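Number of protein chains: 2
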Amino acid sequence: MLQFELLATDPASHARRGTLTLNHGVVQTPIFMPVGTYGTVKGVMPRSLHEMGAQIILSNTFHLWMRPGLDVMQSFGGLHGFEQWNKPILTDSGGFQVWSLGAMRKITEEGVHFASPVNGDKLFMSPEVSMQIQTVLNSDIVMQLDECTPYETKGHKTTEAEARKSMEMSLRWARRSQDEFHRLGNPNALFGIVQGGMYKNLRQESLERLVEMDFPGYAVGGVSVGEPKDEMLDIMAHTPHRLPAHKPRYLMGVGTPEDLVQGVADGVDMFDCVMPTRNARNGTIFTRFGDLKIRNARHKADHQPLDPTCTCHACAGTEGVAWADGGRGGFSRAYLHHLDRCGEMLGPMLTTVHNLHYYLNLMREIRESLDAGRFGEFRARFAADRAQGV
Amino acid sequence: MLQFELLATDPASHARRGTLTLNHGVVQTPIFMPVGTYGTVKGVMPRSLHEMGAQIILSNTFHLWMRPGLDVMQSFGGLHGFEQWNKPILTDSGGFQVWSLGAMRKITEEGVHFASPVNGDKLFMSPEVSMQIQTVLNSDIVMQLDECTPYETKGHKTTEAEARKSMEMSLRWARRSQDEFHRLGNPNALFGIVQGGMYKNLRQESLERLVEMDFPGYAVGGVSVGEPKDEMLDIMAHTPHRLPAHKPRYLMGVGTPEDLVQGVADGVDMFDCVMPTRNARNGTIFTRFGDLKIRNARHKADHQPLDPTCTCHACAGTEGVAWADGGRGGFSRAYLHHLDRCGEMLGPMLTTVHNLHYYLNLMREIRESLDAGRFGEFRARFAADRAQGV
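Sequence lines, in order, name chains Y and W. Sequential numbering from 1 applies to the first sequence in full-length UniProt numbering. Sequential numbering from 1 applies to the second sequence in full-length UniProt numbering.
Possibly wrong hints are sitting among the right ones.
Claimed, not checked - Cβ-to-Cβ under 8 angstroms is the rule here; a few derived chain Y residues that face chain W:
id, residue
1, Thr-40
2, Trp-99
3, Met-349
Stated by the list, open to error - Below, computed lysine-lysine pairings styled on DSS-like, alpha-carbon distance capped at 25 angstroms:
id, chain 1, residue 1, chain 2, residue 2
4, W, Lys-87, W, Lys-42
5, Y, Lys-154, Y, Lys-229
6, W, Lys-42, W, Lys-106
7, W, Lys-106, W, Lys-122
8, Y, Lys-42, Y, Lys-87
9, W, Lys-154, W, Lys-42
10, W, Lys-42, Y, Lys-293
11, Y, Lys-229, Y, Lys-200
12, W, Lys-122, Y, Lys-42
13, W, Lys-122, W, Lys-157
14, Y, Lys-200, Y, Lys-157
15, Y, Lys-42, W, Lys-154
16, Y, Lys-87, Y, Lys-293
17, W, Lys-300, W, Lys-229
18, W, Lys-122, W, Lys-87
19, Y, Lys-300, W, Lys-42
20, W, Lys-157, Y, Lys-42
21, Y, Lys-300, W, Lys-229
22, Y, Lys-106, Y, Lys-154
23, Y, Lys-106, Y, Lys-157
24, Y, Lys-122, W, Lys-106
Said to hold, decoys possible - Here are the computed distance ranges between Cβ atoms for each label pair:
id, chain 1, residue 1, chain 2, residue 2, range
25, W, Glu-377, Y, Gln-74, 40 to 48 angstroms
26, W, His-50, Y, Asn-86, 24 to 32 angstroms
27, Y, Val-118, W, Glu-377, 43 to 51 angstroms
28, Y, Gln-3, W, Gln-388, 36 to 44 angstroms
Please keep in mind that the hints were generated in silico from the structure rather than gathered at the bench. Note that the structure is a prediction, hence the values are computed from the model and not measured. Heads up, the beta-carbon is just placed ideally off N, CA and C, and yes, glycines get one too.
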């Protein structure tokens with residue numbers, strides 16, 4: 001099931017505030033979805049995700065198909081029981097990962113033949129196979145199999161003809177995904193994915209054809225695939241708000257905090273990105289006042305937490321009172337710098353909690369500003385704060 | 001300060017039940033102390049340590065001296081503020097680590113000259129330096145600088161003459177440690193360390209001389225340094241119960257669950273060991289019914305938690321109800337096997353929580369059996385359970 005209710009819209013942009021009801025619970029939108037590729041958001045306990053307000057997480061169909069495999073997943077009745085997460089889950093189709101195998105795969109109309117990167121087994125992925133796997137995973141939101149149109153093809157920018165060919169195959173795969181999804185009696189919600197590369201006319205054609213198929217939700221795919229930032233922003237500005245207003249819109253694989261705020265203004269309801277978790281492990285920290293590299297020697301003796309306004313466990317400890325409000329229960333930059341320098345696991349554990357909390361809290365602040373009819377003010381303050389520097 | 005109160009003794013062994021009051025709180029003995037070398041127990045949040053009932057943790061003077069260094073530690077008023085742990089901390093003297101540098105160090109009566117393994121700087125460790133560092137760390141229990149007598153010297157088993165020479169220097173260093181500790185006005189508690197290698201007459205002489213110096217607590221050092229198990233058990237049986245009954249006794253660096261139970265029977269009050277944390281990261285799990293290797297393929301589809309009787313977060317989730325009591329909130333062996341196979345951080349995070357909880361819970365069960373006057377029964381059941389197999 002999927003119910004989407006629009007609660008508010010911003011008159012000065014395409015931003016919307018909504019409620020998305022799925023089989024495993026309710027999601028307040030706009031929302032960021034932490035990425036849990038192998039059935040675990042890297043470096044973070046499920047209970048920490050709950051505590052920081054995660055409402056829905058993402059997992060990767062391809063990875064879970066390879067490991068632990070469908071027999072194990074089936075025995076647990078799906079991914080929720082396996083990873084002990086009882087709120088909604090979105091799974092991708094596996095298309096992007098198969099596509100990323102490069103020389104190890106061959107794409108045809110029927111599907112993709114490839115060699116397992118785990119054990120070399122010859123495998124086949126198709127819209128039908130993707131639906132079958134995602135049905136076993138029992139994710140709340142299922143993505144159609146699509147072909148991710150690359151920004152460059154054989155050394156040149158993908159031409160319109162190439163992008164059209166790819167987009168049209170994705171449309172045929174959308175239909176096959178939908179047919180198989182229904183044949184399987186999957187009780188969850190299937191999203192169609194708009195492709196079309198960097199060509200707005202193709203994007204327009206793709207979304208119109210998908211809207212005719214009447215999916216309960218739509219994603220914008222094929223962005224954040226190596227294109228220059230201005231082209232990504234161009235597609236973000238073009239496509240989301242043209243999708244049906246009464247259905248949720250998901251921008252795949254995006255992005256920085258600034259991208260998320262812009263994406264909301266462009267009418268996006270859902271985001272996912274590995275950036276907060278991956279950057280945390282590399283010591284790059286998102287804060288209200290800009291980004292911070294914990295490895296930098298200037299943090300060596302700094303008693304402040306990563307973000308003095310933050311109430312995450314890393315910044316505010318078990319009390320949850322921000323440093324700026326007098327809380328002193330958090331971990332200092334000096335301590336996190338030390339953990340990083342010593343290669344201690346607790347370093348990425350704490351920075352992951354912080355970065356995810358930052359993203360989730362950013363979306364919470366966006367939702368509150370939309371509820372209050374002050375999204376414009378929020379954007380201005382957000383930009384000013386982020387420019388302040390840490 | 002240090003106050004030690006004996007609450008109960010086992011008539012059939014040397015086991016004792018006590019309460020140890022230190023500057024940062026009260027510790028129920030016998031106790032296991034998780035090892036937090038660099039100011040972090042590897043892979044575990046301080047809050048998790050609290051939740052699993054850790055009462056005192058250990059840190060390494062040598063490591064913290066190297067990184068982050070004393071200036072940073074001083075600015076935090078010691079280790080507690082730096083690592084956000086407000087219960088007692090014991091620090092070792094740094095002697096073992098300096099000794100372990102091998103060719104990079106030169107031991108003289110005055111102290112140890114060595115090259116920093118971090119940056120090659122020429123450094124000097126002495127009883128006075130160790131006391132000065134531990135005073136900055138403000139640990140609740142400070143260890144004297146000693147020379148760890150190795151089991152083998154230059155390819156042969158350390159002779160009695162060699163062990164005596166080493167033991168006697170440790171005694172002189174004990175005196176110098178005590179003098180410096182008092183000169184510094186350190187408000188915490190300094191322990192003397194019994195050495196003497198595998199020679200009981202030397203152990204006896206060492207402990208008598210240390211008892212004359214009237215330390216508030218005593219450790220047995222120089223065990224678990226490569227000797228055969230039976231020789232270690234021999235020293236465990238010899239030394240602890242000969243130490244003053246009204247003072248706490250700490251067996252350094254020991255050991256397996258079986259060693260801990262034997263150590264308690266031999267009159268030991270305090271233990272530390274890297275085994276639960278290190279083994280967790282290698283996928284070796286301690287359970288009530290024996291040890292388990294999570295990497296083993298037989299766990300691939302096993303829905304049970306690591307230990308069906310365990311209430312740790314890994315086995316029982318946030319509910320804390322053991323699988324055997326109907327709880328289903330924990331993580332399965334299948335999931336932990338999968339995390340291990342995928343190299344996911346959450347694997348060692350969860351197994352570390354479990355292994356530490358196992359050790360701490362073992363000590364809790366020992367204390368309860370001593371309170372109830374049933375330590376003998378406990379030992380028999382413990383041995384039978386552990387032999388059962390998982």
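For each hint, the structure was consulted:
| no. | hint | verdict |
| --- | --- | --- |
| 1 | Thr-40 | holds (4 angstroms) |
| 2 | Trp-99 | violated (21 angstroms) |
| 3 | Met-349 | holds (7 angstroms) |
| 4 | W:Lys-87 / W:Lys-42 | holds (17 angstroms) |
| 5 | Y:Lys-154 / Y:Lys-229 | holds (21 angstroms) |
| 6 | W:Lys-42 / W:Lys-106 | violated (30 angstroms) |
| 7 | W:Lys-106 / W:Lys-122 | holds (11 angstroms) |
| 8 | Y:Lys-42 / Y:Lys-87 | holds (17 angstroms) |
| 9 | W:Lys-154 / W:Lys-42 | violated (34 angstroms) |
| 10 | W:Lys-42 / Y:Lys-293 | holds (22 angstroms) |
| 11 | Y:Lys-229 / Y:Lys-200 | holds (16 angstroms) |
| 12 | W:Lys-122 / Y:Lys-42 | violated (40 angstroms) |
| 13 | W:Lys-122 / W:Lys-157 | violated (31 angstroms) |
| 14 | Y:Lys-200 / Y:Lys-157 | holds (15 angstroms) |
| 15 | Y:Lys-42 / W:Lys-154 | violated (47 angstroms) |
| 16 | Y:Lys-87 / Y:Lys-293 | violated (32 angstroms) |
| 17 | W:Lys-300 / W:Lys-229 | violated (34 angstroms) |
| 18 | W:Lys-122 / W:Lys-87 | violated (34 angstroms) |
| 19 | Y:Lys-300 / W:Lys-42 | holds (20 angstroms) |
| 20 | W:Lys-157 / Y:Lys-42 | violated (47 angstroms) |
| 21 | Y:Lys-300 / W:Lys-229 | violated (43 angstroms) |
| 22 | Y:Lys-106 / Y:Lys-154 | holds (15 angstroms) |
| 23 | Y:Lys-106 / Y:Lys-157 | holds (21 angstroms) |
| 24 | Y:Lys-122 / W:Lys-106 | violated (60 angstroms) |
| 25 | W:Glu-377 / Y:Gln-74: 40 to 48 angstroms | holds (45 angstroms) |
| 26 | W:His-50 / Y:Asn-86: 24 to 32 angstroms | holds (25 angstroms) |
| 27 | Y:Val-118 / W:Glu-377: 43 to 51 angstroms | holds (49 angstroms) |
| 28 | Y:Gln-3 / W:Gln-388: 36 to 44 angstroms | violated (51 angstroms) |
Hints 2, 6, 9, 12, 13, 15, 16, 17, 18, 20, 21, 24 and 28 from the list above are not met by this structure, while the remaining hints are.
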